[in-house]
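Peer 1: Numbering-wise (the working numbering), the sequence shown opens with residue 7 and increments by one.
Hints are supplied without guarantee of correctness; some may be wrong.
Said to hold, decoys possible - Straight-line C-alpha distance at most 30 Å; calculated DSBU-like pairs for lysine-lysine:
1) 686 x 673
2) 455 x 346
3) 164 x 95
4) 137 x 108
5) 9 x 95
6) 524 x 568
7) 624 x 682
8) 292 x 346
9) 597 x 624
10) 455 x 568
11) 13 x 164
12) 9 x 135
13) 29 x 278
14) 278 x 96
15) 108 x 96
Said to hold, decoys possible - Here are the simulated distance ranges between beta carbons:
16) 161 x 625: 32 to 38 Å
17) 141 x 394: 34 to 40 Å
18) 141 x 185: 38 to 44 Å
Bear in mind the hints are in silico, worked out from the structure with no lab data behind them.
A quick note: this is a predicted structure, and the numbers were derived from the prediction, not measured.
All residues carry an ideal CB built from backbone N, CA and C; glycine is no exception.
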Amino acid sequence: MTKLIKKYELGDMQALYYTDDAKKNAELLLMPAGIEAKERQIDAGHDHPDNLVQVKLAGDIYTGCYSPGVSLRTDDASGLFHYDAQQVKKQGDETDIVTVLKDERGLSVHHHLVYTEGGRALRSFTIFKNKGARKVSLELLSSFSLGKISPLMEEDGKDTLILHRIRSVWSMEGRKESIPFEDLQLEPSWTGHAVRCERFGAVGSLAVNRFFPVMAVEDSVNHLFWGAAVAHNASWQMEVYRRGEEAQISGGLADREFGHWMKDVFPGEEFKTPEAFLSVYGGEDKEEIFRRLTSALDSTLDAGPDTEQSLPVLFNEYCTTWGNPSHENIAAIVEAIRDKGFSYFVIDCGWYKMPEVPWDLSMGDYNVSKELFPEGLLKTTAMIREAGMKPGLWFEIDNVGSASEAYQDTEHLLQRDGQVLTTTSRRFWDLRQDAVQEYLTEKVIGTLKAYGFSYIKIDCNDTAGIGCDGAESLGEGLRQNQEASVSFVEKIKQEIPGIIIENCASGGHKLEPLMMQKCAMASFSDAHECEEIPIIAANLHRVILPRQSQIWAVIRETDSLKRIAYSIANTFLGRMCVSGDVLHLSADQWKLIEDGIAFYKRLVPVIKKGRSCYYGTKMTGYRHPQGWQGILRENMEKTEAYLLLHGFHGAQGEEIRIPVPADYEIKDVYSYKEEKYTLKDGVFRYIFDEDLKAVCFRLEKS
């Protein structure tokens with residue numbers, strides 16, 4: 007029988023800690039505050055109380071019930087760690103609830119649940135400590151584990167529980183997937199015997215390669231949502247676990263089975279997991295749980311560089327020069343965009359390339375090309391600053407290309423099974439080595455300082471996969487290497503205070519919370535000129551803050567005004583970045599772009615802090631989108647908003663109706679022509695008169 011250890015009120019959430027007489031586990035439940043009316047049901051005992059830390063050591067028994075190979079979560083082995091004590095540490099506006107589990111071998115796990123006053127998400131992590139007499143090897147150690155989901159459902163919750171997760175592939179990031187537990191075969195058996203588990207995640211150095219490290223579970227009957235996000239830039243996993251009627255969720259580092267990870271912890275040592283963000287919500291808004299998770303980064307960004315607080319507009323020359331920037335063509339671009347509202351000018355890949363060698367084969371040496379920049383980069387950066395823009399520069403810090411000298415420096419590159427780890431055209435620095443850190447300090451930080459760059463775009467165009475040599479397991483080697491990668495990002499920030507860092511990995515392959523905390527913004531995708539850009543950009547509101555989501559508007563001289571308005575309007579879903587044929591645009595084309603820049607700047611307060619609501623056609627294929635999409639984004643004070651509409655194939659002639667909060671009036675419209683619409687009695691009405699069209703309406707309370 008379970009019994010309450012203690013309940014903590016954490017803003018509009020409550021954390022309830024339970025133990026049981028039999029196994030002496032310590033279980034953590036999260037619930038919305040004010041749920042006391044059904045507290046008797048929450049407190050009711052259950053058959054399989056779940057420890058708030060999932061830990062598996064090599065040599066300990068595995069759970070039976072057909073779970074080996076399916077899950078390392080362990081009813082029995084975790085049961086070796088018994089609840090010992092709990093303490094609360096308060097410092098400033100932070101409350102840290104520390105729950106300690108111990109076993110008889112001198113081992114302990116310390117689970118931390120941290121609440122910041124006013125926050126809507128909690129931080130969770132675990133510290134494993136070895137005060138025993140011998141080395142132990144971790145096979146699994148969770149950052150979080152929440153028990154008894156959902157405590158308010160009847161019996162086994164038939165047709166009640168739904169898993170929401172966010173899928174991701176290159177140039178189609180952020181597709182939401184909602185699956186009933188029954189479709190995942192997560193309903194209990196007739197006896198409650200046999201483990202049911204859905205374990206998923208990403209393996210490799212691109213943490214958003216297949217899934218985002220984000221999940222939510224919905225109790226669709228009682229309108230409750232639990233959400234979690236893991237902040238980790240290497241292999242990670244999430245699990246939905248069931249044995250009997252209750253369900254549990256956990257996540258953190260990818261374990262031995264899923265991510266080839268084992269970690270040796272010697273006597274006197276300890277090991278800390280990556281952090282996770284957790285939240286819980288009660289209500290009927292299915293998007294709120296995602297907003298609560300992303301809100302965890304707001305305070306970090308508010309404390310970021312001053313220049314970032316106004317979400318300035320960027321120009322990136324990649325889709326203008328296609329990897330062949332030079333002083334000559336940059337000079338022409340700068341002159342064309344001077345005084346048009348741009349604050350950052352980013353020189354992308356290729357500034358270092360050797361003659362007749364593609365940019366993506368020659369990175370790693372990072373010597374300024376004498377052919378492209380015969381007088382060096384100093385003259386170029388001075389020209390950019392003279393035009394009123396901050397200069398930025400592209401690097402890959404993790405990888406080297408096959409045509410570079412660095413590619414042959416095998417002593418300093420990652421290996422697997424004693425062989426240099428090689429993909430089609432890349433190898434990977436062993437970032438754990440002091441010599442590599444010193445080399446990158448010279449080549450990256452030294453170059454940024456020497457030429458006065460205020461911005462760095464850090465790209466990463468391949469993954470190291472399951473891991474590398476040099477540690478007790480391939481997965482631990484990868485974890486250490488990626489930890490060193492983050493440390494170098496921190497070094498850049500320390501050496502060049504106020505620098506703007508863009509997180510890019512073939513577009514959006516590193517859009518996980520750890521890197522998003524370290525960087526000012528990120529490339530939302532490599533979808534540069536696609537019809538599906540607004541779908542991807544809107545989807546990403548669930549997993550990153552729009553104020554960090556850099557969206558490209560690539561303009562071609564052959565573009566119609568309708569197409570230009572479509573491309574520019576896409577960027578209203580995040581940070582505006584322009585590229586393309588700016589040397590050959592007409593006056594009418596430029597006017598529409600400049601109008602769009604001015605319109606974006608009026609939207610900045612709502613982009614920066616607000617809530618997004620989704621309307622439109624359920625999308626099946628993204629490459630050839632059908633129907634329409636509407637995003638209504640409102641500021642937190644509910645005084646300003648914008649409504650962005652995109653009509654895709656087949657939208658022409660379709661009348662749409664979108665509920666808009668009362669007392670709003672339309673103040674501005676961004677389109678390439680006059681538009682017909684109505685806003686009356688809290689309903690916005692509009693008819694698409696063309697396919698592949700975008701229009702945006704700025705609203706204010708009357």
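Peer 1: Hints numbered earlier in the text: which of these fail when held up against the supplied structure?
Peer 2: Checked against the structure, the hints that fail are numbers 3, 6, 8, 9, 10 and 17, while the rest are satisfied.
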